[in-house]
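2 protein chains.
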Amino acid sequence: MNTHVFDQAIALTPTADGQYTGATSPAYANMVGPFGGVTAATALNAVLQHPGLLGEPLSLTVNFCAALADGPFGVTARPVRTNRSTQHWVMDITQANGEGGIDTVLTASAVTAARRTTWSVDDEAMPTVPPVAEVSPYTVPAPVAWIQRYEMRPIEGPIPHIWDGGGDHSRSRMWVRDAEPRVLDFCGLTALADVFFPRVWLRRATPVPVGTVSMTVYFHAGAAPLAGCGHGWLLGQARAQAFRNGFFDQTAQLWNEGGHLLATSHQIVYYKA
Amino acid sequence: MNTHVFDQAIALTPTADGQYTGATSPAYANMVGPFGGVTAATALNAVLQHPGLLGEPLSLTVNFCAALADGPFGVTARPVRTNRSTQHWVMDITQANGEGGIDTVLTASAVTAARRTTWSVDDEAMPTVPPVAEVSPYTVPAPVAWIQRYEMRPIEGPIPHIWDGGGDHSRSRMWVRDAEPRVLDFCGLTALADVFFPRVWLRRATPVPVGTVSMTVYFHAGAAPLAGCGHGWLLGQARAQAFRNGFFDQTAQLWNEGGHLLATSHQIVYYKA
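Going down the list, the sequences are from chains D and P.
Using this note's numbering, the letters of the first sequence correspond one by one to residues 5 to 277.
Using this note's numbering, the letters of the second sequence correspond one by one to residues 5 to 277.
Treat the hints with care, as some may be off.
Claimed, not checked - Label-pair restraints from in silico Cβ distances: (1) P:Ala-227 to D:Gln-152: 41 to 47 Å; (2) P:Pro-185 to D:Ile-106: 32 to 38 Å; (3) D:Leu-58 to P:Asn-6: 57 to 63 Å; (4) P:Pro-141 to D:Ile-106: 53 to 59 Å; (5) P:His-8 to D:Gly-262: 49 to 55 Å; (6) D:Trp-167 to P:Gly-59: 26 to 32 Å; (7) D:Asp-11 to P:Asp-21: 38 to 44 Å; (8) D:Val-212 to P:Thr-86: 21 to 27 Å; (9) D:Lys-276 to P:His-235: 33 to 39 Å; (10) D:Ala-228 to P:Gly-75: 41 to 47 Å.
If you're looking for bench data, these hints aren't it; they were derived computationally from the structure.
Since this is a predicted model, take the numbers as computed values, not measurements.
For every residue, glycine included, the Cβ atom is placed at its ideal position computed from N, Cα and C.
Same shape as in the complex, but just chain D:
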């Protein structure tokens, strides 16, 4: 079986009820530790692999306590409450700290839910942008591996080429998808929600050190509509609302090419200034 590099990266081996082991993937390496989107997807995958799972992901919050060290890690997923139409999950990722102890490197929670077809409407319309074919592919100067795992076609707000402190807004728009073809699913969408470079780099045109502290994803589509997107392009939009004393927020949307809003996401990010 020719497993996709993303599925290899989020793969988990069950060791007990709701307990798994996994390992970081060099293919998704970031500056320090792996790309956070893949770590978030791994936490969600522990829920999806759980035999007690009811429903599909509705919301996911991950808190990045520390950078993962390259190598193996443990994941737990625990259903703490099962209702008629929602199920509440608590997860964490731990690693041996080399001193005989176990450190928590990520905490997370998720809600899964049974979706029923009902009155629905999007209030955040997809912005009018040039179609994919009219936007140039982007060769990212960054030397980190995970960037190579995605095709990106920036429409607005690309990574600055000149770091002159001259930024005046924080909004990026781009077409994006996995570089190696992969059918969209909840884990893939989770990672895509974290694919935007740090807003502070754009707003200040200054490449300061950053790190996501907490990220939340709300899923607005079920498994079938996601699979229906196939390997299609998504339009991603991200912007900040506030940069304040070492932390900025990011609010993001991901639409499919047909203009359906698939996910909204938020994160709060440390920056050094």
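Following the hints, complete the assembly by docking chain P onto the known chain D.
Relative to chain D, chain P alone:
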């Protein structure tokens, strides 16, 4: 001491390390159980009361597993990771279920952080709205107690007076503050982030049953600037991005009268259609 009704509602009695008891307050009663904003603030209060606390709240996520029953509840707050400038917390609220068992009614996580004065800028400017004095006070028709705890002056998107299914947008703007004077703090701001009526009522002009499933608050100001707001009015703005198959999202901002963005917040909400 004349304790504010809000501080009575979120009050906790320590019973062990990181364990507390509290009780629902009739003053903040909602249709079923208490106002979620007060429950969220109570979970945060467990962190703020913890002797091991370092820093100030940066982010808070609460997952509402079930409506609280009127009466006592237990709260736990546990620091799972303490870094140089951030501390990660996991909390829950439990209640006896009347069958000899203990049910989880809320799970939560928070990050506290040391803020350092640095380069800062708001990217989401406060919208231009009429000053408080020019906006009429609002007498809410709702029969629930918690609404009386706030002064609200709706500028745009008030609760529909005619439920005719004729809504065409989901955005509300209002001036808001505690009805009984109270100096702003993290717990008060948390509750204010949940003060907006359900977006689906506005978008559809139809009063369907709803319930918040998960809510996140990012704090963009420290304790001193919050206290500096005193009992001043905040401008609250909320709107939905998607209503899809039984769940909608809400994205909200809270500015002080001076136009500083104090908090951004997001929630995902169940609706029956």
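Against the structure, the hints come out as follows:
no. : hint                               : verdict
1   : P:Ala-227 to D:Gln-152: 41 to 47 Å : 43 Å, holds
2   : P:Pro-185 to D:Ile-106: 32 to 38 Å : 48 Å, violated
3   : D:Leu-58 to P:Asn-6: 57 to 63 Å    : 48 Å, violated
4   : P:Pro-141 to D:Ile-106: 53 to 59 Å : 55 Å, holds
5   : P:His-8 to D:Gly-262: 49 to 55 Å   : 51 Å, holds
6   : D:Trp-167 to P:Gly-59: 26 to 32 Å  : 30 Å, holds
7   : D:Asp-11 to P:Asp-21: 38 to 44 Å   : 42 Å, holds
8   : D:Val-212 to P:Thr-86: 21 to 27 Å  : 24 Å, holds
9   : D:Lys-276 to P:His-235: 33 to 39 Å : 35 Å, holds
10  : D:Ala-228 to P:Gly-75: 41 to 47 Å  : 42 Å, holds
Hint compliance for this structure: hints 2, 3 are not met, and every other hint is.
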